[in-house]
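Colleague: Starting from the known structure of chain X, fit chain W onto it as the hints suggest.
Here's the letter readout for the chains.
There are 2 protein chains.
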Amino acid sequence: MARKKIGKQTIEFIDPPSIISTTSIVGPKEGQGPLSQYFDIILEDDLYGEDSWEKAESKMVKEAVKLAAMQGRLHLEDIDYLFAGDLLNQLMSSSFAARDLGMPYFGLFGACSTMAESLSLAAIMIEGGFADYVVATTSSHFSSAERQFRFPLELGNQRPLTSQWTVTGAGAAILAPMRNKGPYITHVTTGKVIDYGITDPNNMGAAMAPAAVDTIKAYFEDTGRSPDEFDLIITGDLGKIGNEIAIDLLKQGGLPINKTLRDCGVEIFDHVRQDTHAGGSGCGCSAVVFCGYLYKLLKENIFRKVLLVSTGALLSPTSIQQGESIPSIAHAVAIEGKLKD
Amino acid sequence: MARKKIGKQTIEFIDPPSIISTTSIVGPKEGQGPLSQYFDIILEDDLYGEDSWEKAESKMVKEAVKLAAMQGRLHLEDIDYLFAGDLLNQLMSSSFAARDLGMPYFGLFGACSTMAESLSLAAIMIEGGFADYVVATTSSHFSSAERQFRFPLELGNQRPLTSQWTVTGAGAAILAPMRNKGPYITHVTTGKVIDYGITDPNNMGAAMAPAAVDTIKAYFEDTGRSPDEFDLIITGDLGKIGNEIAIDLLKQGGLPINKTLRDCGVEIFDHVRQDTHAGGSGCGCSAVVFCGYLYKLLKENIFRKVLLVSTGALLSPTSIQQGESIPSIAHAVAIEGKLKD
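Residue numbers (my numbering), protein chains in the order written: chain X, 45 to 385; chain W, 45 to 385.
Hints listed in this document are in silico derivations from the structure and should not be mistaken for laboratory results.
One or more hints might be untrue.
A pair holds if it fits inside one copy or across any two, identical chains being indistinguishable in the list.
25 Å max Cα-Cα, derived SDA-like pairs, lysine to any residue [said to hold, decoys possible]:
#1 K384 / S270
#2 K48 / N224
#3 K303 / D275
#4 K261 / G146
#5 K284 / R194
#6 K48 / D59
Only chain X is shown next, with the shape it has when bound in the complex:
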């Protein structure tokens, strides 16, 4: 058996990588939500001075990485690898940001699970001794996602109540070896693709909930830990409906964790006041909630242990047209503010 893998899906780090800095950039709507105070930059205009939403999204990624480097007192040249992904076809936002950043680049796609995917691989690079500094980043943009996946905004289509609102935002986190200060990544649990046969692309919370549950169960089975040890187990973007389904499925599966199970998509918007229906979604959702809110509270030791479980619906417009159901995935990253001596 491998040195550091425990159980079937989990890696336990012997020298947990440190997250030395993070940056979160969000759009105007996210800046009016309940987590407003935690974000580093709130855009006044979601075009961010660019002439398209896609370019604005790419600029958010680039600026988030630059600011995270600055906050970590690093030059861009100090960063060994960039792990990045987004929702746009061919990762337009990540690829163009990578062009301008000039770092060795691994492009990732895990739909809205990409933040945990990038954090997982970045942590593996660090703990394996392959790099001194790695940046993990993801983004999404409401308008670029609507244009690509749904209808022209100008049509004014009515959104069903199960639908979610793609977060405009980018988060970037810089990882380094354990000798640096915390928070630290102690474990990563890599998800399998789970598909319960949901076919409604306007109800992705329901499609993704079983994947989140599968990965959460794998994490606790593999580590032998108890959910009670965690201040927070937070899924990526199940939204309100997906969150309720996940709580039910966990209870049925003998792992009742309704108290501490929250969701980035639920936290980021005030659903009634902001009319976002089931909640936020998009790669940027768990990215900015982690890089903004969670990281800061971990750093201040208000949260001691957090399990971030970013969730992704791996459908494509083509797969839906061909009658396929929605395969989903969730990756988990366990983070602790301080390590025991």
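Modeller: Relative to chain X, chain W alone:
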């Protein structure tokens, strides 16, 4: 500095991971090309018994992984991680294959550079001690790529002579620790995004050539090795025109390696007889040429050292419509048939 990283972009493995088995599956046209004898499965019909090209492509991935596991005398459950990616939006072919394979899954996107990207990350997982068996796989399909990126085939558009022909095929390679037999991955060099301002999506060889050259130069600078040590330096899918540009650029850059610099896209088709213009392309191109042809000749010690440099054009239809040039990337993987005692 990190333990195993040398130079700016290269990791030198202390215990080079072994590639214990590979499988290549190709379409009928590839099966009529010059490398025909090296492929494990040649499809008679590129629908592969499915009702869409996308599903056929996904089936190729699934079957390639299954067969590679069988050839490695492994059950699918023995494989710790699946690294996969393809050209389709939202990685339809990889994601649906991952659903059926049931392994912890990292989705990757590096356009046609994805085979080297997946081999790189798989090798890092193995050498870092995080896994016993990892599978790296990528695919492409002529018809699914044409449908997504270009025109309906039924239109019969005329193809310019600079255009390339997307390979129908999937390759899968299973990696394990060095205690197993070779071939071995000795180094990985991770590419940066390079963009020389080419804007013609029908001339991707020209767009990608500078990225290939940048990564090849980085490999030799980082390792201090000489191109003469290699039997073959083989790019992913520059095609004939891109290959000539790469040879010129290398010569200008003081690294003349015209004799050993070949290209998977040039090798896979007989361009005159098969009317494929500048050559093959697609994630599947370097995947099947590596998993079929190169792996077998490395195993038989006919090739002793090969540098595989998969190349990707990171454009999207949206980025082209928005007037952007074509950012490109190349990742290199150095493979040796036997290690010195």
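Colleague: The structure should be examined with respect to each hint, and the outcome stated for every one.
Modeller: How the hints compare with the structure:
no.	hint	verdict
1	K384 / S270	within (17 Å within a copy, 48 Å between copies)
2	K48 / N224	both (21 Å within a copy, 19 Å between copies)
3	K303 / D275	within (10 Å within a copy, 61 Å between copies)
4	K261 / G146	between (39 Å within a copy, 16 Å between copies)
5	K284 / R194	within (21 Å within a copy, 39 Å between copies)
6	K48 / D59	both (10 Å within a copy, 16 Å between copies)
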